[in-house]
Amino acid sequence: MRLVETGNHVAAWGARLARVEVVSAYPITPQTQVIEEISRFIDEGEMECEYIPVESEHSAMAAMIAAAAMGVRSFSATSAHGLAYMHELLHWAAGIRLPMVMVNVNRALGPGWNIWCDHQDTLAARDTGWIQLYCATHQEILDTVIQAFRISEDPRVVLPVMVCYDAFVMSHTYMQVEIPDQELVDLFLPPFRSLWKLDLDYPLTHGSVIYPDDYEEVRFSMHQAMDNARRVIEEVAEEYREMLGSYHGGLVDTYRMEDADAALVAMGALASECRVVVDVLRERGHRCGLIRVRSYRPFPVAELRELLGSLQAAMVIDRAVSFGLEGPLFSEVKAAVYGHGDLPIFDLITGLGGRDVPYELIAENMEAALRGELAAESRWPSVRLNEHHRLVKRSLEEYWRREGVR
Amino acid sequence: MPRKRKEEREDIGFLTTLSVPSEGSVGKTGTWRTFRPVLDRDRCNKCLLCWIYCPEACISKDLEISYDYCKGCGICAEECPTKAMSMVKEDER
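These protein sequences, in sequence, are chains A and L.
First residue of the first sequence? That's 17 in my numbering, and the numbers climb one at a time after it.
First residue of the second sequence? That's 24 in my numbering, and the numbers climb one at a time after it.
Okay, chain L solo, but in the shape it has when bound (with noise of 0.2 Å):
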C-alpha cells in the first residue's frame, strides 16, 4: 500500500479581525454609486457640514469630492443647507 499523504500545513501564526484605517482597504467602492453628489460652488456658502457629516471622510476640507470612494449615499445633499450639493444620476452626466 502507498504511505497516505497526510496534510502538512505551514504554521500560519497569529491571526485575527483586525482593521487598521487605510485608503480604500476594500477597493474602490466608488463603484457602487448609482448618484454622484455634484457641488455648485457658486451657492455653496462653505459651511463645512458636507465634509462633517460624510460617513466615508470623501469631502476633503477645501471640498474636494473622492469619486474614487464616494458610495453616492446622498447626504451631503441632504445636510447642504444652501442646495449647493445635488445628486445626479451616474448615467446622465
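Chain A with its partners taken away, still in its complex shape (with noise of 0.2 Å):
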C-alpha cells in the first residue's frame, strides 16, 4: 500500500505493523501527531494495543519501562523538553536492559521557546545507554521504527532504540511513502520474548542496590551490547531489504563516495540536503561525497576510519553545540579518525532552533575549505546579529544606563 503522509503518521504506521502492546506517551510539539494517529488506530479497531495517557513524560518513561519490565512490546514518542523531562528514566530503562522503542522528534530546546529543529535534545541524551538511530526520509522513518524493534529485543543486544527526525522538515511534511504488508512484517519481527520479566512465577525484582563491587560488570555489559549493536544495526537492515525491499544504510549511509576525495558528514534531514550540495559541487569540480551517520550510538568508528581515512579533506554539519568545546558530532569523527589519517575536518554549527540551512551555505564553506582556506575547527558561518537582537541590545542598554548597572 502506498501513502502520501506526514512523518509523524508513518512513524505511528511503524508502531502499529510492529504490532505494540503498550504506547504510553505526553503531547509535545513537533511530536502530538505520532500519538494522536496511534489513538485514532487504537479507537478505530486498527491496533490491539493500551494507550497509557499520563500526566508528564517522566511518567510516560516509567510506565514504558513498567511494560516493557512484564515481557510487553512498548513504544513511546516525545520531543526536546519531553526527553529532557524523562532524562533520569531515560537511564533506568537502559540500565536494566529493557528492550522498547522511543520516536524522538528532534527539537531545540528553551530558552527561547522553539519548537523548531535542531539535535540537542538528543545528543544530550547520548550517554543514557539508548541506541539512537538517526532518519533523513519518510519512508526510513517507517523501516526504522520497525527495524528498531528487532534491534532492541535482540539477545546480543537487550538495550532501548531512539529513533529520532527532524521537527517539521520530517515530522509534518508529506511524502510518499510504502507500507509493507503485515504478513511481511511479522515474518521480520516475530513477537516479543524478553529475557526477564516480573513473573510471579518465578520473583524477581530490578534496579535495587549494587555495590562497587558488582557495578562496573553491568555498566560494562552495556558498553558490550552497545558494540554488539554494531553488527546487529547492519544485520537487521540487511535483512529488511531481503524481506521488505527497502534499505537506508547500516551505521552509515554514504553518497558518491566511490571516488571521493572530500566527504561531508551529517546527520538527519541535512543529509538529505548535503546530497545537494554534493551534486553541485561535483558540477564545479570538487570530487566530494557525503558520509550520512545513521546511528550514532553505537558511533559507526572502523566505517568513519575507512571512508575518511583516505580522504583529503572533511567537513562536518553540527545541529548542536557542545558548550565550551565544539559541535559534538565533530568531535566523534575526529575522534574516531584519531591516529588514522591526518586529513583536516572541519565542522559548521548551523540550524540552530530550526534556521533555514541553505545549501550553498555548505557549499561555499567546502569550497572555501578546499582551497584551504578555513581553520580546521567548529565555525559558526549562519550567526548575523538582527533588527531583533539590536532591539533587546538597545533596550537592554537603556536600562543599564537608568539604573546605572554599566
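None of these hints come from the bench; they were simulated from the model.
Source: prediction; values computed, not measured.
Each hint should be verified, as a subset may be incorrect.
Claimed, not checked - Taking CB as the label site, the calculated pair distances span:
| # | chain 1 | residue 1 | chain 2 | residue 2 | range |
| --- | --- | --- | --- | --- | --- |
| 1 | A | Ile226 | L | Glu33 | 15 to 23 Å |
| 2 | A | Asp243 | L | Ser42 | 25 to 33 Å |
| 3 | L | Thr105 | A | Asp143 | 53 to 61 Å |
| 4 | A | Ser347 | L | Val43 | 37 to 45 Å |
| 5 | L | Arg28 | A | Gly223 | 34 to 42 Å |
| 6 | L | Ser42 | A | Arg209 | 17 to 25 Å |
As the list claims (entries may be wrong) - In silico PhoX-like cross-links for lysine-lysine, where the CA-CA straight-line distance does not exceed 25 Å:
| # | chain 1 | residue 1 | chain 2 | residue 2 |
| --- | --- | --- | --- | --- |
| 7 | L | Lys106 | L | Lys94 |
| 8 | L | Lys84 | L | Lys106 |
| 9 | L | Lys29 | A | Lys350 |
| 10 | L | Lys112 | L | Lys51 |
| 11 | A | Lys350 | L | Lys27 |
Quick reminder that beta carbons are idealized off the backbone N, C-alpha and C, glycines included.
Mind docking these for me? Both chains are given alone in their own frames, and the hints should help you get the complex.
Structure follows, in C-alpha cells:
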C-alpha cells in the first residue's frame, strides 16, 4: 500500500505494523501527531494496544519501563523538553536492560521557547545507554521504527532504541511512503520474548542496590551490548532489504563516496540536503561525497576510519553545540579517525532552532575549506546580529543606563 | 617499537541489576544490630503481629527469631500488644 503521509503519521504506522502492545506518551509539539494517530488506530480497532495517557514524560517513561518489565512490546514518542524531563528514566530503561522503542522528533531546547529543529535534545541524551538512529526520509522513519524493535529485542543487544527525525522538516511534511504488508512485517519481527520479566512464578525485582564490587560489570555489559549492536544494526538492515525491499544504510549511509577525495558528514534531514551540495560541488569540479551517520550510538568508528582515512578533507555539519568545546558530531568524527589518516576536518555549527540552512552555505564553506582558507575547527557560518537582536540590546542598554548597572 | 597491547576482554554477556529473593543475599545483616528483640513467651498471646510486621521476615510463625538476619529495627516490639517483645542492647545481654 502506498500512502502520502506526514513523518509523524508514518512513525505511528511503524508502531502499528510492529504490533506494539503498550504506548505510553505525553503530547508535545512537534511529536503530537504520532500519538494522535496511534490513539485513532486504537479507537478505530485497527491496533490492539493499550494506550496509557500520563501526566508527564517522566511518567510516560516510567510506564514504558513497567510495561517492558512485564515482557510487553512498548513504544513511546517525545521531543526536546519531554526528552529532557524523562532523562533520569532513560538511564533506568537502559540500565535494567529493557527493549523498547521511542521516537524523538528533534526539536531545539528552550529558553528561547523554540519548537523547531535541531539535534541538541537527543545529543544531550547521548550517554544514557540508548541506541540512537537518525532518519532522513519518511520511508526511513517507518522502516527504522520496525527495525528498531528487532535491534532492541536482539538477545545480543537488549537496549532501548531512540528513532530520531527532524521537527517539521520531516515530522509535518508529506512524503510518499510504501507501507509493507502486515504478514511480511510479522515474519520479519516475531513476537517479543524478553530475557527477563516480572513473573509471579519466578519472583525477582530489578534496579535494586548494587555494590561497588558488582556495578562496573553491569556497565561493561551495556558497553559490550552497544558494541554488539553495530553488527546487529547492519544485519537487521540487510535482512529488511531482503524481506521488505527498502534499505537506508547500516550504521552509515553514503552518497557518491566511491571516488571521493573529500566528504561531508551529517545526520538527519540536513544530510539529505547535503546530497544536493555534493552534486553542486561535483559540477564545480570537486570530487565530494557524503557520509550520513544513521547510528550515533553505537558510533560508526570503523566505517568512518575506512571512509575518511584516505580522503584529503572532511566537513562535519553539526545541528547542536557542546558549549565550551565545539560541535559534538565534529568531536566524535575526529576521535574516530585519530591515528588513522591526517586529513583536516572542518565543522559548521548551523541550523540551530530550526534556522534554514541553504545548500549554498554548505557548498561555499566546503569550497573555502578545500582552497585551504579555513582553520580546521568549528565555525558558526550563519550567525548574524539582526534587527530583533539589536532591539533587545538597545532596551537592555537603556535599562543599564537608567539603573546604573554598567 | 614493541607492539602495543590491545585490551582483550571476554564477552561477559547479558548482565543486569536483577535480584532474586534468597536467604541472606547481602550477607548476615544481623551484624548491623544494636538492639536485639527478645520474646517473653509467658506474656506472648501468639497474635503473630510481629510475624506480620517484621520487614525482614526474621520471625517465623512459631515465633523463632533469626538473629543471623534481624537488623534490630524494633518494629516487632513496637507492634506487640502485650509487650512480650522487648529490645535489649547487644552488649547487655
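Checked hints:
no. : hint                               : result
1   : A/Ile226 with L/Glu33: 15 to 23 Å  : holds (21 Å)
2   : A/Asp243 with L/Ser42: 25 to 33 Å  : holds (26 Å)
3   : L/Thr105 with A/Asp143: 53 to 61 Å : holds (57 Å)
4   : A/Ser347 with L/Val43: 37 to 45 Å  : holds (42 Å)
5   : L/Arg28 with A/Gly223: 34 to 42 Å  : holds (36 Å)
6   : L/Ser42 with A/Arg209: 17 to 25 Å  : holds (22 Å)
7   : L/Lys106 with L/Lys94              : holds (19 Å)
8   : L/Lys84 with L/Lys106              : holds (18 Å)
9   : L/Lys29 with A/Lys350              : holds (21 Å)
10  : L/Lys112 with L/Lys51              : holds (19 Å)
11  : A/Lys350 with L/Lys27              : holds (22 Å)
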